[in-house]
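Given chain C's structure and the hints, the job is docking chain F onto it.
Protein chains in written order, with numbering that gives the first Met the number 0: chain C, 0 to 311; chain F, 0 to 228.
Source of the hints: derived by calculation from the structure; they are not laboratory data.
Treat the numbers as computed from the prediction; the structure is a model and nothing was measured.
Treat the hints with caution; some may be incorrect.
Simulated restraints on C-beta separations [as the list claims (entries may be wrong)]:
(1) F/ARG110 <-> C/ASP222: 55 to 65 Å
(2) C/PHE104 <-> F/THR19: 49 to 59 Å
(3) F/ALA154 <-> C/PHE300: 44 to 54 Å
(4) F/SER216 <-> C/GLY277: 51 to 61 Å
EDC-like, lysine to aspartate or glutamate: derived pairs with alpha carbons at most 20 Å apart [to be verified]:
(5) C/LYS173 <-> C/GLU142
(6) C/LYS292 <-> F/ASP40
(7) C/LYS292 <-> F/ASP56
(8) C/LYS159 <-> C/GLU90
(9) C/LYS292 <-> F/ASP61
Here a beta-carbon is modelled for each residue, glycine too, at the ideal position from N, C-alpha and C.
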Amino acid sequence: MSMTVLQPGPLSLLQDSGRRGQHRLGLSNGGPLDAEAFHYCNRLLQNPSGCTAIEVSVGGLQLQSQVDTWISLTGAPMPLSINGEERTLWEVHPVSCGDIIRVGFAASGCRSYLGVAAGFAIEPSFGSTATVAREHIGGLRGERLQAGDQLPCATVMTRKRYYLDEGDRPRYQKMLTVRVIPGYQQRHFSRVAQRRFFGSTFHVSERCDRMGYRLEGPAIACDIDGVLSEGICGGAIQIPPDGQPIVLLNDRQTIGGYPKIGAALSLDTARLSQLVPGCSVHFAAITPHTAHKALRLAQRFALQRPLLERRP
Amino acid sequence: MRLQPVGEDALLLYLGDSATAATSTRVQAAVLAIESVLGEDLVDLVPSYASVLILYDPLRTDHLHVARRVRGALHNLHDQHAQAAPAPRCVVLPVYYAPEVGADLESLSARAGLSMQEVIDLHTGTDYRVYAIGFAPGFAYLGEVDERIAAPRLATPRARVARGSVGIAERQTAVYPSDSPGGWNLIGRCPVPLFDARAHPPMPVSVGDTVRFESVSRERFLALGGDLA
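With the rest of the complex left out, here is chain C (with noise of 0.2 Å):
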């Protein structure tokens, strides 16, 4: 009992909620990009949070269902269809055995993620089935999906149809502003080069992927050139000597030594990662204090928006 993967699109991959606790192992996170749209999908099918999703990176993605169950797709607008019928994103719907379902190339945004009812059943490795295709682990074979792959899901009669109010989607735009927590080596940096660091607009490079987002800017100069290799939190900005900023993402390593100027918040980091070569960011300075009472926030408003119930 599976679906099959007739066409993968450029990056695929299984993911689930993260890798915890095995930084000690060199291992890093990997888990979803944007982690609002990854818990909306599960939230959605009525499962519980962090069971396995695709994460569809640009789009492409081509499945057919060897079972009857339900889907949902959230984040990107990604055209979805099933059996060639246009179907909405951020929605419950119905598949029985031998239907194809069909995931188009996003118009603005660039991830997002196809999940099942009960998650795809996948075998855990280090505590989690998150694919971080450099480390070759997770996943079904440590890498992204492939055409031919059979990813194995149960079937499920049952399940309301759930679905996001329209208003109440997130809307993936061309700029940002990501709020940084100063640290590291912050007082490396020179009170010209923070201004400019907080005071410039970057653009996101052609070089941004799971590891990071390097950005393209005025450049950020640091009094060192490194430091003695040190832990790497999520959303650290590293600036290496070329004075160009990368936001360190999910699959980052876990230690290094280019000087950072701080962190970004994750759930900015998360909208950082639906961003596309060329689009615009800014960063603004926030107190850990200020980063806490957005998390307790997101956690209590963004991520539990009303669901609403279709009825045939």
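Just chain F now, with coordinates in the frame of chain C:
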């Protein structure tokens, strides 16, 4: 000692400014102390040369609360945990040193003004400490290499370094646990897997352990499961 918030879920504890064995011992003691004081609030720890990254769950606690408890635990660190720390293991890793598996052995010898055998003797003649694990799963940073065979990273990193390759960068040495890009000077190859996702534990070493290399013949390397490709 310096403790600073570095992100929404992270504090970084600095225990020194240089990579010395004494600092590394303090790092290890701090890891044990932090684990016992934070318990369930601790999400993960990343010990390195002179620092420990402490990751916590910001929905359960905050940086002030974590910092207070960490400071308290470190206050009387010296004796208490130094004794509680498990005795470091000494792991001996076999290495086949030869140009066919160590592409930089000849150039490194020439640069150092030594024979290849002298380079091998210096590399096997030191007990190395595991200072940090990172870069890739199972990649252990070992120090310190005798300064006569220290060498800067390659100007252009190789696109592929074979699994098991033993390299030198500055005064550090390491075994590449899997095929990966890399810029270290390669001098040999180790047939023992440094990272095996199916093994328990998945790594033969952890931070604070001692590693010694032992020179083995081509035949012994192959017999131990080594791969020349």
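Hint check results:
no., hint, in the structure
1, F/ARG110 <-> C/ASP222: 55 to 65 Å, "violated, 31 Å"
2, C/PHE104 <-> F/THR19: 49 to 59 Å, "holds, 54 Å"
3, F/ALA154 <-> C/PHE300: 44 to 54 Å, "holds, 52 Å"
4, F/SER216 <-> C/GLY277: 51 to 61 Å, "holds, 57 Å"
5, C/LYS173 <-> C/GLU142, "violated, 30 Å"
6, C/LYS292 <-> F/ASP40, "holds, 18 Å"
7, C/LYS292 <-> F/ASP56, "holds, 13 Å"
8, C/LYS159 <-> C/GLU90, "holds, 10 Å"
9, C/LYS292 <-> F/ASP61, "holds, 10 Å"
The structure is inconsistent with the numbered hints 1, 5, although it conforms to all the rest.
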